[in-house]
Each structure stands twice: as structure tokens, then as C-alpha cells.
Amino acid sequence: MDVMVELKRVTKRFSGTTAVNEVDLTIRAGEFITLLGPSGCGKTTLLRMISGFETPSEGTVLLEGKDVTYEPPYRRDVNQVFQSYALFPHMTVQENIAFGLKMKKVGRAEMDERVRSAIAMVSLAGMEARKPTQLSGGQRQRVALARAIVCRPKVLLLDEPLSALDAKLRHSMQVELKQLQKKLGITFVFVTHDQEEALTMSDRIAVINKGKIEQLGDADAIYHRPKTTFVANFIGQANILHASVVAREARQARVELEGGLTLTTSEELPEGAERVLVSIRPEKVWIEKERGEGDNWFEATIEDELFQGPTDQLRLKTDGGLTLSALVANESSRRTPVHAGDRVWCHLHHDDIVFVHED
Amino acid sequence: MRSRTPSGMRLVNLLLSGWTGLVFLFLYLPIVLLVVYSFNASRLAIVWEGFTFRWYEQLWHEFTAHLADERRSALIESMGNSVIIAAATTGLSVLLGTAGGWLLHRYRFPALRTISTLIFIPMIIPEIIMGISLLIFFKTVEMELGFATVIISHVTFCFPFVLVAVQARLAGLDPSLEEAAMDLGATPLKAFWHVMVPYLLPAIISGALMSFTLSMDELIVTYFTRGPKSETLPIKVYGMAKVGLNPLLNTISTVFIVGTAMLVICAELLKGTARRSREPG
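Chains X and E, in that order, give the protein sequences.
Under the working numbering, the residues of the first sequence are numbered 3 to 361, in order.
Under the working numbering, the residues of the second sequence are numbered 18 to 298, in order.
Do not rely on the hints blindly, as some may be mistaken.
Some chain E residues close to chain X (C-beta under 10 angstroms, calculated; not the full set) [as the list claims (entries may be wrong)]:
1) Leu194
2) Glu196
3) Ala208
The hints are simulated quantities; they were obtained by calculation from the structure and are not laboratory data.
Given the structure is predicted, the values throughout are model-derived calculations rather than measurements.
Note that CB positions come from ideal geometry on N, CA and C, so glycine has one too.
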């Protein structure tokens, strides 16, 4: 597998505060990687060190194995789509897209051809002569995209490019971006604070918190096997519960939660751990009227019910006093609906109880 | 009732519009009179004897004769001097003002506020003081009075106007714009030329027009800093008016008023364009 970008122990300090702290990251050629984290976590700084707008305080940035740590942005084969799009207001769509090729002194005929195909790729044909002010938000976004890909960069950096669009447009652009990336085969590094966006589009996600990568993995691993409480809470919802280990077997362990609830887990326990934290996704809590087969069944009362459209959010209280949040599909009244005040049986599958570290 | 406006309000509106009219009359009647008298057939400036283009013809003849080197005209020469001085002042002011505005916007340094304030002092300081202080300065450094000293003096109070216009335009600038240019392969210099200069152009032009007008009209500072061969038109006109009111004066003034008004209108129109295109892009 080819390596496209390599960050080696990269640190960036801004007058006293550390924005990025000793980050190691290897980005593979042709992958769609997302840097996900809350605002101020350092993800944009990380991106700007790849584009060349920031120089690391320590560490090296390699592009295709070549050290580019101190190369200015105009000498790197990477292009960026800016959050504000940063279209040149005095230039037409055509001129905006041709700018990068003009700077690289590409010949007239080739330039026209490449601009035309870039315009076609982002479906902007017929808009060539318009100025940015005459375009809608979505169209500006496409111009910014075309302006970057027309240069055929080795890496395309996208800094929260969809955050200014309304929800519907954002969804369709997510799909379009992903398709474009597959078609072009260019490495995409996408920065966002929107977990759903990250889960939908990425081959791999790097969850970033306080200048460090908390977890790196594909969407499935990040969602189903979060390693820290931060990852569990930032991506989706999670019940984070204290537990103590009561029994250990080869591939299983039994843990006791607050209120005396004992559960069987299948995940490998941290070595020598006595007190652990477990994360349980609310939608993994099965709710039934009757007790079913197997273990990990317990009774609880529905304390509260919150209608959320496709799902109902329930607050459960076990007899031992443990509070748990659960998500159930919003079923029609012909089935067996559950309501606040009902006594129900809850079930958890072994695999859905995940051990996490506190950050 | 014919009108929805209460009668009390109608009276107030009437008084207000009447007052506005009086103010405009007070402001513009002298200018209108001057323009009217430039078409007066009489040699005496304040007696109306009928309509004529005679003075415009005379001015035109002086102009063509001077250009054809037939008869030297001090008046036309001073006009030429004024244009040369104003053009040079404008060019230098644009360079200084644009660079200055850019640097003050781009870089943060401890003396920033002080410097920003100091730059506006030449705009508000009484001209007589500017004139005297510049004269003392030129004498101290033993600089011979002439075109150079007049141009330097004019630049000191003209370039802040360019700077202010450029700064105002930069205030609405998307900071990513320059980065986008560099990201696409432009060196910092190319990014400035291809992206910043076009973006700043409306501000630069409006500042330049302002500089040109100010320099053309300037009397007091020029009076102190001119040399024997750098007489400007305002100085010449002032000299002529001291001797007596000459109908030719009205004619030149009218030409001047029309020229200045056109430049100011252009500047204002461009400022409007600048404001509109500064809306999020």
C-alpha cells in the first residue's frame, strides 16, 4: 500500500498553547480520511501543516516520502478547499478554475480542456461566465472543488467544506464528494466536526481531541469499538458506566455494574484491570415484554420517553437503581409498543459491551 | 381627508423641506452665479450685459496658442503645472497608500494604533500649519523649492485618503483569499498582483481620484512650498483675483468646477461599487 502523507511526531505551538501535540499519522494513497473533532481540537492546524500554511514547531511532514516540512504552499502538490470557499470575487467561474493552471503555466489548449472537464465534473456547465456573487452556496462550493481538482493534486484537503450548506444540500454533496473521490482516485483529507458526515464518507477516521489522535480506524471500528470515553461520547451517544470485574475466563469476563447488575462480555479485558469503564450504545439495548433466551437479561422500568421521529429515546431504571438510556424503533401501535411507566425486559449482546479508557 | 399625514406633521414636513432648500441655496447660489457670469458679455464681472461664449473662446485661444508655442500664457502654464503636480501626487499617493493600508491590515505590531492615528494628522491639521512646517523642513534640509517640494507636500495629505479607502476595503476581506491563491501555486508576490490588486482596485481608484482633486485645488500649502517655476493654477487665479475680477477667472473656475465635480462623482460611484461587491462572495 502506497503511503501518500506521513506526519512524524508533529507538534504545533501557538504562543504558549499547544494546538497539535506529537501526532503521528500515515495517510494512504487514494484513501478518504477524515480528521474529526470538536472545534479547537487542532484538526484544522493539522490540515494546514499538510497544505503548508503552518510550519510545525517540531516534527516532519512527508509527501510521497519527500520532506516538505518547510516547503511553502505554492510548492506542494496539494490543494485545499476552504471553508469560506475563498473564490476570487473579481474573476468568473472559468477564470477562478483556470487560476491554478495559469500559475503553473499550463498551455492554452490544455488549460481550456482541463477547465472544461473540471466544470463538467462538478456539473457547472453554462455557469462559466458568472461571477461568484451570482452563484448559490452549493454552486460556489462546486467552483471551489473544481478549482482545486483541476490542478490534479496528489492530496485534496477539505476544511469543513460543507458546513455553510443547508442540511439537504449537505447530504447530497456528501454523496457527490465521495463519488468524486472514488472516480478521481485522489487522496482526500477531510476536516469536520460533524460525526455523521465523517461516518458517511470516510474510509478511515482520525478522532482528534486536545491536539492528539484519540483513535484511528474505519467508521465501523470507531463507532462500534470506541477506545475512549471521548470517542464514545463524541460519535453517537453512549451509556458510560463504571463496572468491576468479578470473573475472567478465556474469551469472556463477567462485570458487575452499579446496582448489582452483572453482565457477560466478550471483549478482551484490559490487562489486570479491576475497575473498568464500559460503553453501551443506547440502540443496542434490546427492549422486550418477555424475557428471552440466553444471559444478559434484566428487568427495568421506563421512567421517561422522548419522541424523536424514527426512534423513541427511553430512560430506563433497573431495580438496583442503575439509569440507562435506550433507543427503540418507533413502531406502529399495532405491534407491542412500550410507554413510560411500563416494566420491561432488557437484553445486551456480549459484543455490544465495550471497554473504554477514561481520557 | 385628502392625506393620511396628520396636519401637524404636514406643517413640520413643509418647514423641513423649506429649510433644506434654503441651505442648498446658501451653498450653491454663489457657484451658480459664478457659472452664470462666465457667460456674461460685460468686462465688469458684476454687471449683466448679455450672453456670450467670448471668454471661453479667449481661454481656448490662449490654450492653443500656448500649446503651439506662439504666445506664452502664464495662465495656461500654471494649469499645466497643476496637472503635472496632481498626476505625480496621485501616483505616489496610490503607491504609498496601498502599501501602507496593506501593511497596517496584514501585520500586527505594538505601535500599530499610534501609527494608524498619526497617518490621519495631515488630513485634519490646518493647512497653514502644514505649509509653514513643510517650508521650515525644506529650508532645514536645504531643498530647493520647486516641483519636488510641492509634490512631496501634496503627497503628505493625499496618501492618507488612499490608505483609508484601501483599509476600508481590506476590512471586508476574506483572509483565505490570499491563501487560496498561494495554494493554487501563486508566489506571495503573484498572489498580491493577481488577487489583492484587483480586489483593491475600486478603493485605489477612488483614493486616486480624491488625491488628484485635492492636489489640483490646493492653495495654501502650495503657496508656501512652491518655487518660481512651479506656480499652480490656484495660485495664479489667486494672484489674478487680487488685481481685479477678470471675466476669464469665472471661465476657468467653471471649467474647474465641472472637472472636479466629475472626478468626485466618479470617486463616489466607485465607492458604491466597492461596497456592493464586498458583500460575502
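Hints, one by one, checked against the model:
| no. | hint | verdict |
| --- | --- | --- |
| 1 | Leu194 | holds, 5 angstroms |
| 2 | Glu196 | holds, 6 angstroms |
| 3 | Ala208 | holds, 8 angstroms |
This entry satisfies every hint, going by the numbered hints stated previously.
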